[in-house]
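One line per chain: the protein sequences are A and B, in this order.
Sequential numbering from -1 applies to the first sequence in our numbering.
Sequential numbering from 4 applies to the second sequence in our numbering.
Read the hints as simulated data drawn from the structure, not as lab findings.
Each hint should be verified, as a subset may be incorrect.
Keeping only pairs whose Cα atoms sit at most 30 Å apart, straight-line, the calculated DSS-like set for lysine-lysine is [to be verified]:
| # | chain 1 | residue 1 | chain 2 | residue 2 |
| --- | --- | --- | --- | --- |
| 1 | B | Lys254 | B | Lys196 |
| 2 | B | Lys248 | B | Lys196 |
| 3 | B | Lys274 | A | Lys168 |
| 4 | B | Lys248 | A | Lys4 |
| 5 | B | Lys331 | B | Lys307 |
| 6 | B | Lys206 | A | Lys4 |
Quick partial rundown of chain B residues pointing at chain A, CB under 8 Å, derived from the structure [what the hints assert, rightly or not]:
| # | residue |
| --- | --- |
| 7 | Met163 |
| 8 | Gly165 |
| 9 | Phe344 |
| 10 | Val346 |
Think of the CB as a built atom: it goes at the ideal place given N, C-alpha and C, for glycine as much as any other residue.
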Amino acid sequence: MIETPKKYMNPYLAGFFLGFVLLATIYISGRGLGASGALKSVVMQTVQSVTPSHAESVDYYKKYADQHPDGPLKSWLFFEVIGVIIGAFLSAVISNRVSLKLEKGVGVKNSTRIAAAIFGGALFGFGSQIARGCTSGSALSGMAVMSFGGIITMLSIFGMAYALAFFFRKLWINKAN
Amino acid sequence: MAPLVPHIISNEFNFILAIIIGIGFGFALEQAGFGSTKKLVGLFYGYDFTVLKVFMTAGVTAMVGVILLNHMELLDVSIIYINPTFLWAALIGGGIMGGGFIIGGFCPGTSVCAAATGKVDGMAFVFGAILGVFAFGESFPLIKDMYYAENWGDLLVFEMMGLSREVFGLIMVIGATVIFILVQKIENRVNGKKVPWLKSDVKKYSVAVGLAIVVIVLTMITPTRGELMHQRIEESLVSNAADIKTMDADKLAYELMHQYYQYNVIDVRSKEAFEKFHIPTAINVPLNELNKQENRYLLQQNIKTNVFYGDDVDNAKRALLISKYYGKAENAALSASANDFNVQFFQIAEQNAPATKDEMNTYNFRVDAATKLTEIAKAVANLDKPVVKKVSRVKGGCS
């Protein structure tokens, strides 16, 4: 018997739960959640390991290394994202949602989807560094502590995505729709 | 008072907590459906607003929680991390991220979730994001000026709008509710579904929203713990109800001469007044800063006796009551003002010569005390200086 994936949680309940996790984070650590910071740690570690001379000579990497004397991977967000991987996996296991697959819009080629995901990821990674945080670190956490910068980042992310949605509709919704 | 890091929980243990918090974060994201790219982008085509619902609910929940914890003085909002505002960086970075969102179908957090549950597109997005971060590092010199431009600091949105934290919270709760109703209508229309408003659902959501509003309104009309404490202190000063141990100037001088190390003499006046004159060996903690996190250690230690003095005896008593409120140190209020002490010991030469033998003894004691205390203060100046403890803002953010 193949078990069917369970339904997703009520979005408001999931949001409430997520809000509580965020509140606990602020209460315990005085800081918000994040995701892109962990990717940055990975990049920094990679650069330091692969081309130490490059890491030494470029100001940007040097500054980061000075701020993280114990190594880039010893950062709060890196550990948090390890937790995210575990938590998401556990959640998917109990809801029968673990499967190796490629999700895409109807009629989109696999190669197109992969290329779009990599390109979109690159844009997101690049943008998150400029804005000093992504949807989690800047928009969501910023909103919780009512940071002006966080809230305009959020508006900017969603505003631009809406503005571009029409042009990329073929990636997601069938023409018939 | 929270945040618990680094004074209550060590930075090392914080990493373990980070994993636990991350598990909760990942679990919530996956349960909400954020591991599925089609659910995520649904928001932009109107067929599924889950992202918006989860995101707004989470943000507002945490916001209301922060308001409540701040009001109960369980969380020190002046030291939690506030995402700094760099106007251009926020707008341009946000715009680029928006493009990444609609093309790639994820954001970094959700792509990690998707990758963890086996979605190949999620893995591709993570890989792309890493490339993007690397590209930023390589091109940093080119965008450096924009990156640092228009630094508005730790700006809070309600301050900018001239509102209080609570009023802004209220606006957000009501605004989010309106948005939820609107997007539900859009979602139903796009999907061509007629979903009736279930009475039980309406009731359930009304209770949730009502609860959030009640919490915020309560924080607006009830006094904070600090206000309550000051109110009680004033009451007990008027009614003389509290048990206040006082110490007179001669006794303090005697004690300091013989065992200064048993006492923390705390001057609760302003810094300027303290610099002009202070009792030898005293340290300065202005009255309104006494309850701050960095000064609590004085009130909570139980090795030395705290002796408070100020512009008048009432302020010394106030300080003593604050100290009692927060800790269990031995406390005493000096029954003389700073000025009285100064006159009594250090300007004694200008006074009338003593008439009786008793007065002569007191006179001699005070002259002696003045020189001895000054000597002691000099001798211990470098030994006993309190370590300047600075509670600084927590470092956070995605950097």
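Next on the checklist: Of the numbered hints stated earlier in the document, which are not met by this structure?
Outcome noted: Of the numbered hints, 1, 2, 3, 4, 8, 9, 10 do not hold.
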